[in-house]
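Engineer: Given the sequences, and given the hints that come with them, work out the whole structure.
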Amino acid sequence: MSRVIGVVGVFAHLDDLLEAIRHLRAGGFEELQALSPIPRREIDEALGRRESPVRVFTLVGGILGGVTGLFLTINTSIGYPLITGGKPIVSIPAFIVITFELTILFGALGTLLGLLTNARVPRLHLGLAFDPRFCSDRFGLFVHCTSEEVETASQLLRGAGAEEVRHVEA
Amino acid sequence: MVTGHQLGYVQADRDLLKTMEPAGKLYYMLLLADVVVLLWGIYAWMTQIYTGLGVSGLTHPVMWAIYITNFVFWVGIAHSGTLISAILFLFRVRWRASVYRTAEAVTVFALMTAGLFPIVHLGRPWYFYWLLPYKQMGGLWPNFRSPLIWDVFAVFTYMIVSMVFFFTGLVPDMAVARDQAKGWRRLLYGFLAQGWQGTDRQWRHYTSAYLFLAALATPLVISVHSVVSWDFAMSMVPGWHSTIFAPYFVAGAIHSGLAMVITLLIPLRRVFRLDAYITQWHLENLAKLVILTGLIVGYSYVTEYFIAWYSDNTFEWESFRYRALGHYAWAFWIMIIFNSLIPLLFFIKRLRTSTPWLFGISILINIGMWFERFVIIVTSLAREYDPYSWGLYTPRWVDLSITAGSFAWFFLWFLLFAKFLPVISIVEVKEELPAPLKAGETG
Amino acid sequence: MEVNRRDFLKVLSIGGAAALTGCSAQAPEKLIPYLIPVEEIIPGKATWYATVCRECPAGCGMLVRTREGRAVKVEGNPDHPVNRGRLCARGQASLQGLYNPDRIRQPLLKDASGTLKPVSWDEAEAWLISRLAELLQQGKGVGITWMTPHLTGSPDRLVNQWLKILGSTRRLRYEPFAYEPIRTANRLTFGREVIPTYDLESSTVILAFGADFLETWISPVMYAREFAAMRAYKDGRMGRFIFIGPRLSLTAANADRWISVRPGTEGVLALGLVGVIVAEGLVKGLSQDEVGRIRALVDCYDFKRVSEATGVEPEEVKRLARTFAEGDPGLALGGGTAVSGPHATTTLVAINLLNYVAGNVGRTVRFGPVSTLSQLSTYREMLDLIQAMEKGQVSALFFSEVNPVFTMPKAAGFERALGKVPLVVSCSSFMDETVAKAHLVFPTHTPLESWGDVEPWEGMHGLMQPAMQPLFETKALGDLLLSLAKRLGGPPAQAFKEESFYEYLRARWRELHQRLQSDVDFETFWVEALRRGGVFEAIPAQPVRLNVQALSQVLEEPELAGQADAFVLLPYPSLVHFDGRGADRPWLQELPDPMTQLTWDNWLEVHPEDAKRHGIEEGDLLTVKSPDGEIELPAHLYAGVRPGVVAIPIGQGHTAFGRHAEGRGANPLALLPKEPEPRSGGLPWLSPQVTLARTGKKHLLASVSGSDRQFDRGIAQVIPLAELQAYAGKEPHDEHKVLQMYPPHEHPNHRWGMAIDLNACIGCGACVTACYAENNLAVVGKEEVARGREMSWIRIERYVEGPPERPETRFVPMLCQHCDNAPCEPVCPVYATVHNPEGLNIQVYNRCVGTRYCSNNCPYKVRRFNWFTYKWPEPLNLQLNPDVTVREMGVMEKCTFCVQRITEGKERAKGEGRPVRDGDIVPACAQACPTRAIVFGDLKDPESEVSRLRQNPRRYRVFEHLNTQPAITYLKRIRPSEEA
Amino acid sequence: MKTIIIVLLGGLLLFSLAAFSLLPQRGRAPEQPIAFSHKIHAGDYQIPCLYCHANARRSPVAGIPSVQFCMGCHKITAADKPEVQKLQGYWNRKEPIPWIRIYDQPDFVHFSHTPHVQAGIACQQCHGPIETMDRVREAVVLTMDRCVACHQKRQASLDCVTCHK
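Residue numbers (my numbering), protein chains in the order written: chain X, 1 to 170; chain E, 1 to 443; chain U, 1 to 980; chain Z, 1 to 165.
The set of hints was computed from the structure by calculation and includes no laboratory data. The beta-carbon is built from N, C-alpha and C at its ideal position, and this holds for glycine as well. Please note that a few of the clues may not be correct.
As the list claims (entries may be wrong) - Far from chain X, some chain E residues (derived; all Cβ distances over 10 Å):
1) Asp200
2) Pro247
3) Leu295
4) Asp312
5) Ile367
Said to hold, decoys possible - One side of the interface only, derived from the structure: several residues of chain X facing chain U at Cβ under 10 Å:
6) Gly86
7) Ser91
8) Ala94
9) Phe95
Structural biologist: Listed below in structure tokens is the structure:
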């Protein structure tokens with residue numbers, strides 16, 4: 001028992017894809033997913049996506065790293081006070097290096113976390129709309145729609161120059 | 001810019017994935033030779049662990065010698081990868097696309113090699129984990145004032161970030177490979193692709209994350225070799241205790257790293273017939289960067305001597321006099337000539353556009369940069385404050401074997417990389433190609 | 001009870017071996033209780049026993065520290081008048097005699113094939129008894145001969161008595177350095193054939209003609225102490241010291257001036273000085289008549305002729321004479337191999353005359369108490385013995401702890417003659433070249449296991465007691481003699497009432513008790529003597545007069561027969577190996593020779609100019625040839641030998657003296673002639689002419705020195721005397737003020753510190769060996785030393801300043817400076833080295849991972865790394881101090897200021913409910929120092945000696961500009977005024 | 001992929017097993033040559049610890065009483081018990097008793113009983129409820145953590161060389 005959940009169009013040309021997006025959005029289709037072998041800003045713009053929130057993860061990670069660095073160095077030094085080289089127990093200049101490195105480390109890990117959570121990777125199964133060609137030389141546009149809307153969407157896709165239109169069934 | 005014959009996406013896929021096809025006899029012979037050297041190095045290391053560091057040539061007062069030389073050398077090699085992949089990315093330098101994957105791989109493998117040496121050089125390597133930040137016996141933590149702990153943090157962070165960067169960059173390519181591979185390779189690439197499909201959502205977050213990783217990696221790479229240089233500069237050893245060490249080391253690291261990338265790219269390009277992707281133009285750009293770093297390094301050498309002379313400090317001046325004229329003068333002159341004089345040959349366009357010259361000079365720079373670290377470490381320690389404790393270092397078979405083993409270790413990974421991963425980023429090459437438009441124009 | 005103590009020891013030796021593995025996971029150990037507790041021994045606590053050092057004939061008093069019944073450290077006995085608590089490196093190493101891995105562990109009997117095979121004590125004694133009985137039956141008892149080293153007191157008496165009972169009087173007390181010329185010269189000049197007391201301390205000028213009194217001559221520890229007292233700066237003055245001899249020895253290096261005269265002309269110079277003193281009317285305390293007669297004697301030695309003969313500038317001769325005559329009193333010393341040429345006696349007579357005219361005899365040269373070394377057999381007596389042996393007059397030869405095969409010139413033929421003796425019996429703790437030739441070998445106790453008494457100077461009765469139970473199946477020499485007498489039966493058995501040597505000893509001490517202290521009961525006297533290490537009588541000096549007549553025949557002009565291209569050979573007793581008996585002690589092998597800085601070897605010192613002329617380079621293996629023999633030795637270029645002279649240290653070149661001694665260099669005695677010096681019958685050490693030829697081979701010499709010069713780095717500093725006098729109470733300079741990034745940290749209770757007086761340090765190395773003993777320092781061997789991996793926590797850096805013709809040697813003991821701002825600490829990633837609240841820079845061995853960063857960052861380079869897990873060949877491991885960790889491979893170590901002693905001192909003070917007092921805690925180096933150059937104490941206590949020394953105008957700290965704030969303050973060596 | 005994981009996990013397991021086996025054993029209670037019971041002596045008869053381990057007061061080492069000391073009582077007391085007869089056997093053979101050590105410190109540690117006894121630390125603090133034990137068991141594992149915790153609590157010295165030699 002399969003149910004149609006959308007339709008995917010395969011494009012050979014980037015401008016065709018962009019046109020298809022514009023047509024579909026104009027046609028009231030908002031649940032669109034573009035698939036492309038390379039990243040293109042135009043696609044995001046056409047789809048009207050907002051700026052990625054990954055940078056917030058980076059910022060939070062970085063701040064967390066810095067605080068961890070300072071806390072780690074200062075707290076452990078006070079916890080077991082040992083004098084070395086006549087320096088005070090809390091030798092901030094020496095601790096800056098650790099703080100800096102942890103800022104970077106946590107920032108990078110935060111970024112990675114941001115990427116993984118936002119981009120929904122890793123995933124075990126590829127999407128139903130996926131076609132290996134999308135990683136090679138073809139662009140795809142997956143229109144999420146009900147079975148009633150399939151024909152309209154297909155029309156629009158073809159109209160924009162899709163080489164191939166395929167129904168996606170769940 | 002990728003030039004040559006008319007390239008399309010499919011062509012690029014085909015050309016670049018071809019490097020991953022089953023290897024020939026030459027490859028396996030290389031691999032075998034490499035593994036033999038590696039095993040010999042491991043045997044030497046085991047001997048050292050079992051018998052004690054005394055089997056190496058290390059002695060009083062030269063307590064650090066070629067193990068730390070190797071450490072600094074390999075960390076330095078790592079730097080060019082990040083420079084090319086992160087800094088040039090931020091500056092939107094277009095020629096990076098074809099070379100950055102290899103450079104990044106060099107970074108990761110060089111760090112994997114460098115990371116061994118702090119352990120190799122320990123007197124009791126079985127306690128290396130005491131350097132890690134965790135609560136130890138009696139509630140004691142490591143000493144965060146020690147530059148060696150800074151090193152642990154810096155190198156560890158660098159290793160993690162480089163790997164994240166490397167694998168992140170690899171993911172879309174892995175998707176390409178996955179889709180074209182069969183059997184266990186499909187499984188492997190499928191795993192590495194992590195379910196990549198190239199959706200707009202994935203791409204949007206991916207480009208953002210990649211940008212931030214590059215932005216983080218840039219200060220990181222500068223900090224790492226600065227921290228490594230502080231291993232020396234924070235001490236009070238004449239010849240080490242100098243404020244110019246951080247920039248001097250960073251420049252030196254990039255210098256050696258670029259040379260290593262050239263050294264590796266040239267055979268790679270030839271073996272895999274990638275002339276269309278790694279063109280003379282790419283190599284020339286690398287050579288131009290080498291001129292820059294070579295000039296900085298040469299300037300640093302002069303500055304060091306100037307400071308030593310101008311400070312009128314007996315200890316400092318003796319250290320530098322000894323460098324140029326003492327027992328290790330040969331190493332010093334190798335360093336001066338190979339690192340700062342020979343790269344000036346790249347000012348001649350004919351030489352920097354000639355592959356054999358490029359290859360030869362890049363190897364000389366590698367040698368020169370290795371000796372730079374050797375000279376800094378060994379000559380300074382050999383002549384410190386107390387003349388009664390002056391001494392010499394002569395390497396013995398164990399030190400040399402472990403050093404050889406470390407090169408084998410690095411090349412083992414590089415050989416595997418060359419055969420199992422795309423040595424040129426497919427996606428970024430595609431990005432550089434004209435986008436396919438209906439009008440057939442550049443997008 | 002004895003058996004149990006032994007068992008306990010056995011168990012301990014196993015425990016000790018387990019302890020060596022150090023930081024490894026522990027296996028269940030056994031805990032062995034005493035069957036019956038030994039009162040003195042509390043496990044975990046040290047017990048001390050007073051005894052006497054027998055490493056050389058000087059007879060210093062020693063205290064032995066024992067733990068759980070084993071000796072772990074020896075120190076000087078403060079109550080003993082010879083050394084007053086100090087001890088030299090050789091004395092420290094007596095422990096390695098006790099625990100030497102090559103000790104003879106059971107009796108050995110030579111079988112038909114000529115190899116020594118182990119036998120039981122019973123068999124050995126029975127075998128000997130039957131042979132002796134046979135001899136006695138044949139009436140050959142008169143030919144039984146005993147040869148011992150310098151023995152005094154009860155053991156000496158017992159040997160003589162034993163010999164007499166068997167019908168013989170053939171007895172030799174053999175020492176290679178028997179001071180025959182001194183004794184003969186004293187007989188000729190003053191009518192007493194003795195070695196007198198030399199009072200260095202009260203002298204204001206010392207002139208030494210070849211006498212290496214800081215190294216090996218007569219009683220070096222005593223003389224070093226007196227010398228340091230004489231040299232100390234008091235009331236604007238310090239004593240002066242001039243050394244005359246062909247080689248810059250350690251003693252010469254401590255002089256204001258080293259005057260290198262033509263070899264063999266020291267006597268001429270002395271007579272020249274006498275001439276100047278007489279001519280200028282500087283004579284003290286003599287009658288006009290006597291002066292006149294002396295003038296007649298020395299008339300021919302006018303200073304110009306003397307200058308020609310000796311090579312000393314004429315003005316210099318005059319100046320020297322005036323300087324010496326200014327002495328109030330002065331002291332001229334003569335002796336040592338450097339002046340023991342063919343005219344040794346003449347030289348010594350001249351020196352006696354010099355002392356006499358300067359009014360020193362009776363003041364600084366006193367005939368009473370005299371040295372018991374005066375009783376030593378002469379070299380000529382040894383030659384007579386050899387002749388007797390050759391003729392078959394010696395029916396049996398007994399040895400104990402002497403090695404004439406090694407220490408007599410090969411040309412004398414002792415070894416060959418030994419083959420003619422039908423019965424050779426050796427009683428020895430160690431195998432050596434002579435023991436190897438014996439038919440029967442009895443293993444004896446080492447001095448640390450023995451009862452005995454030693455009288456180095458008249459009236460100075462040092463008492464020896466065993467510090468521990470014997471380690472092996474050995475016997476004391478006295479017990480062996482008594483046992484043999486008992487087994488012989490008949491008169492010999494009846495002659496001795498005593499069952500053991502212990503009883504024999506006590507019997508003699510009863511006599512002493514009667515004579516000295518009959519007011520207390522004997523047991524009290526005995527226990528007190530054991531506690532103090534002996535009883536010490538004051539023996540008054542006896543007046544002597546000069547016998548002028550006798551002198552006139554003696555004073556002919558000395559000369560050395562020269563031969564073109566030949567060198568004068570100067571063999572000299574090594575500071576560390578003496579006559580060779582120290583060569584099997586690893587500590588001594590590893591202790592660098594102070595002047596050459598070489599270890600584990602023997603070499604030929606040749607002047608760089610001579611070397612250049614002959615194309616000789618450092619380390620070239622040379623053939624050294626004399627009319628009497630030939631050896632091969634590596635060359636060491638040394639500006640401290642006079643051109644035309646080559647010098648070889650005595651003591652190496654052993655062929656059968658254990659693993660540490662064998663196969664190192666060559667023995668220079670192979671080059672010496674047989675004939676004795678005619679007047680004294682002593683061995684003419686200086687006589688032969690040698691030629692050198694390169695073999696073309698190279699030899700590795702293991703030097704510990706990275707540089708002879710300090711390149712104006714201010715490590716070893718001096719202050720001219722005049723400058724010091726100008727300060728007189730004023731502050732010399734302000735403390736170096738530096739801008740600090742951080743405030744100084746607090747030391748709540750103590751701040752340990754040290755002061756090292758370079759004016760007192762003579763560079764002898766006693767501190768180095770003391771440190772090895774106290775802190776379980778590993779001995780690494782020649783190859784590792786050559787690599788720079790010696791483990792010494794304290795080293796004596798030797799620097800040479802000034803022009804080569806007038807070298808100024810400076811010694812600096814260098815050890816961890818315990819810096820307040822220690823550069824080693826912040827670089828350690830794991831807090832293995834940190835600053836403790838008492839100002840110590842501590843090293844936590846088991847925390848160390850071995851990055852060696854601390855060593856790189858130490859400007860003083862005093863940190864040592866364990867390149868391997870070093871091994872102590874059994875039973876040397878039994879010496880290990882249980883209070884100090886034995887470090888394993890891969891760990892950094894360094895001076896701790898003897899933290900175990902600090903802990904012990906604090907715990908003791910706490911137990912006694914009082915604060916720690918100045919002087920409670922003395923690190924091993926400071927304790928051993930013969931000149932007390934090292935002072936340790938609490939810098940927080942303003943009254944402590946170290947705090948006061950820190951205010952001394954001579955103070956400085958090494959590399960002050962680095963702002964490491966060391967806890968060690970050095971006091972500059974005082975450079976005397978340029979004149980004289 | 002799975003193979004790699006299995007290999008990795010297996011390796012980790014082997015490594016931890018090896019590491020664990022190398023660690024000193026804890027809580028040991030080996031059989032002693034004589035089944036001496038602290039429960040009877042210290043527990044039932046309430047003999048003070050320092051009566052037998054007298055050196056604890058004056059020496060770093062608490063020590064074990066000599067065989068002679070044991071015999072002081074056991075010549076008569078409980079002379080019929082088999083374990084006491086074992087003791088007498090040792091005494092008659094003039095052999096020391098090879099007790100098996102339970103509490104020990106590594107070579108690099110300086111520990112002295114004296115200051116601890118003087119400070120009034122109960123023996124049980126470090127040796128556990130020894131008066132209840134028939135056979136001595138390592139009831140307390142003497143690690144550095146434990147030493148430091150107590151020193152911190154009692155404000156005793158935290159200087160490294162107090163314990164490290």
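Engineer: Hints first: check each against the structure and report whether it holds.
Structural biologist: Hints, one by one, checked against the model:
1. Asp200: At roughly 4 Å from the nearest Cβ of chain X, E:Asp200 sits no farther out than 10 Å, so the non-interface label is violated.
2. Pro247: E:Pro247 is indeed farther than 10 Å from all Cβ atoms of chain X, at 16 Å.
3. Leu295: The claim holds: E:Leu295 sits with its nearest Cβ about 28 Å from chain X, beyond 10 Å.
4. Asp312: Given a closest Cβ separation of 26 Å, the condition holds.
5. Ile367: Check passes; 31 Å lies beyond 10 Å.
6. Gly86: holds (3 Å)
7. Ser91: holds (8 Å)
8. Ala94: Given a least distance of 7 Å, the restraint on X:Ala94 holds.
9. Phe95: This interface hint is violated because 12 Å lies over the 10 Å limit.
When each numbered hint is compared with the structure, violations occur for hints 1 and 9.
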